[in-house]
Amino acid sequence: MLPFLSHEEILRYSRHLLIPEVGLEGQKKLKAASVLVIGTGGLGSPVALYLAAAGVGRIGLVDYDVVDFSNLQRQVIHGTSRIGTLKVDSARERMLDLNPDIQVDAYNEPFTSANAMRIAADYDLIIDGTDNFPTRYLTNDVCVLLGKPNIYGSIFRFDGQVSVFYAKEGPCYRCLFPEPPPPGLVPSCAEGGVLGVLPGIIGSLQATEALKLILGIGETLIGRLMLFNALDMTFEFVKLRKNPNCKICGPEPEVTELIDYEAFCGVPGHDHEEGSVGGGWDITATELAQRLQQGNHLRLLDVREPHELEISKLEGAELIPLGQLAARLSELDSAQEMVVFCKAGTRSARALELLVSAGFRKVKNLKGGINSWAREVDRSMPVY
Amino acid sequence: MIKLRMPAPLRTYTNGQAEIDLHGGTVGEAMDDLVEQFPALRPHLFNGKAELRPFVNLFLNDENIKVLRGLDTPLKEGDRLMLIPSIAGG
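Order-wise, the sequence lines are chains D and E. Following the working numbering from start to finish, the first sequence increments by one per residue and tops out at 406. Following the working numbering from start to finish, the second sequence increments by one per residue and tops out at 171.
None of these hints come from the bench; they were simulated from the model. Some hints here could point you the wrong way.
Stated by the list, open to error - DSS-like cross-link-like pairs, simulated, lysine-lysine; straight-line CA separation at most 25 Å:
hint, chain 1, residue 1, chain 2, residue 2
1, D, Lys190, D, Lys170
2, D, Lys51, D, Lys190
3, E, Lys84, E, Lys147
4, E, Lys130, D, Lys269
5, E, Lys147, D, Lys261
6, D, Lys261, E, Lys84
7, D, Lys269, D, Lys234
8, D, Lys170, E, Lys84
9, D, Lys264, E, Lys147
10, D, Lys261, D, Lys335
11, D, Lys170, D, Lys234
12, D, Lys269, E, Lys157
13, D, Lys335, D, Lys384
14, D, Lys190, D, Lys261
15, E, Lys147, D, Lys190
To be verified - Pair by pair, the computed Cβ-Cβ distance ranges are:
hint, chain 1, residue 1, chain 2, residue 2, range
16, D, Thr278, E, Lys130, 26 to 34 Å
17, D, Gly288, E, Leu149, 29 to 37 Å
18, E, Arg161, D, Gln346, 47 to 55 Å
19, D, Tyr86, E, Pro135, 41 to 49 Å
20, D, Leu40, E, Arg123, 52 to 60 Å
21, E, Met82, D, Asp254, 17 to 25 Å
22, E, Asn142, D, Gly169, 26 to 34 Å
23, E, Lys157, D, Lys261, 17 to 25 Å
24, D, Val219, E, Lys157, 36 to 44 Å
25, E, Lys130, D, Gly238, 44 to 52 Å
26, D, Pro25, E, Lys130, 36 to 44 Å
27, D, Trp303, E, Pro120, 36 to 44 Å
28, E, Leu149, D, Gly301, 40 to 48 Å
Built from N, CA and C at the ideal position, the CB exists for glycine as well.
Please construct the entire structure, taking both the sequences and the accompanying hints into account.
Next up, the structure:
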């Protein structure tokens, strides 16, 4: 039986009740529904705000992070006064301010193979607002195994993708992407950046799909992938089909329970930059400063993009963007000691791997990148 | 001539170009033209056996070439190829 709406709720949702496709019954369906939002970042912000405003009765939020200054360019559910507080608490407070008639369940924990089934089992729909490949494969597999729709959204710079992966009725994420890209090939938003409004668009589309699925109206994105580009202002659609060899939703699945997704993808299940290679290949900013002070002849190789030099640069460093490094190895001398760096150490770790595989041995990665130099050595330099 | 849309993460290897004009009677020939124009792309798209790498999704108009005839799929004037990248940002 559908829940009852109070007079106050009827007034609150009046603009919904006027739409014949929603109406009183639809609004009651929204109140009876439960949606789990994985991640309360760029995508999770508009998703959680609009689902709360629309009156979805119970909304779960999964995130383990705290609000950071660099989040606020796009994560509009949070605020400057909330910096340093838990994202799930910050989001929950804002949602309940927007709509006190809903229930918000906060899960202040990373979404992992250990807790994912337990958390997701209790919700009708799952929204993928994560920021990394391991958690995306995990979210997909949980949805396939539990038979729930996965409302997918993903962003990079000016590009966004949206689909509804629902193995009962169409393809899943693995049908389209059977394997993750090799580690390091696809930059994350922390490395490559993202236009602040882009998750607003893509997250709003995810919220739209969630409402349509709950209400049972319209044509959903099951079996279609929407591709958005903000520079060209284009929305394009391609057809997605179920892959008969899909390892999880095919007729003979190999994956019948959750796996180790960080091992599967070869990258960590978060988008925090680690910026180290390990195995003695790293040098800290403080060590580098000491060695330079001692008059060591070190070649400094900056593998960032040219426009990043306007933010910060190291004296005497030469620039070869990572994308050009393979073609410009002849400009380097493997006999000379060299320190490679980028913003936070992720791209330089890739550069170091490339150099080592080309026979370079006297090379180190600046752990934490030029940002750690700004924190440890030169406080007049900005961190970005 | 056909056009190929290059996804943002791979534009580093095409000097920032988003739309690329290609020639070829099949998808495979057009892709050969692409990696001849931009050799740095090759390792990102093809494995050692000249097959598309498994995480590369190439669409001809709105269909995945995997459900057509793969690299042997014939092309006609005005067709549009689109590489759909795995992106994970959120």
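Hints, verified against the model:
| no. | hint | verdict |
| --- | --- | --- |
| 1 | D:Lys190 with D:Lys170 | holds (8 Å) |
| 2 | D:Lys51 with D:Lys190 | holds (21 Å) |
| 3 | E:Lys84 with E:Lys147 | holds (19 Å) |
| 4 | E:Lys130 with D:Lys269 | holds (23 Å) |
| 5 | E:Lys147 with D:Lys261 | holds (12 Å) |
| 6 | D:Lys261 with E:Lys84 | holds (19 Å) |
| 7 | D:Lys269 with D:Lys234 | violated (29 Å) |
| 8 | D:Lys170 with E:Lys84 | violated (38 Å) |
| 9 | D:Lys264 with E:Lys147 | holds (11 Å) |
| 10 | D:Lys261 with D:Lys335 | violated (45 Å) |
| 11 | D:Lys170 with D:Lys234 | holds (15 Å) |
| 12 | D:Lys269 with E:Lys157 | violated (34 Å) |
| 13 | D:Lys335 with D:Lys384 | holds (22 Å) |
| 14 | D:Lys190 with D:Lys261 | holds (17 Å) |
| 15 | E:Lys147 with D:Lys190 | holds (22 Å) |
| 16 | D:Thr278 with E:Lys130: 26 to 34 Å | holds (31 Å) |
| 17 | D:Gly288 with E:Leu149: 29 to 37 Å | holds (30 Å) |
| 18 | E:Arg161 with D:Gln346: 47 to 55 Å | violated (29 Å) |
| 19 | D:Tyr86 with E:Pro135: 41 to 49 Å | violated (31 Å) |
| 20 | D:Leu40 with E:Arg123: 52 to 60 Å | holds (57 Å) |
| 21 | E:Met82 with D:Asp254: 17 to 25 Å | holds (20 Å) |
| 22 | E:Asn142 with D:Gly169: 26 to 34 Å | holds (32 Å) |
| 23 | E:Lys157 with D:Lys261: 17 to 25 Å | holds (19 Å) |
| 24 | D:Val219 with E:Lys157: 36 to 44 Å | holds (38 Å) |
| 25 | E:Lys130 with D:Gly238: 44 to 52 Å | holds (47 Å) |
| 26 | D:Pro25 with E:Lys130: 36 to 44 Å | violated (58 Å) |
| 27 | D:Trp303 with E:Pro120: 36 to 44 Å | violated (28 Å) |
| 28 | E:Leu149 with D:Gly301: 40 to 48 Å | holds (45 Å) |
Checked against the numbered hints above, the structure breaks hints 7, 8, 10, 12, 18, 19, 26, 27 and satisfies the rest.
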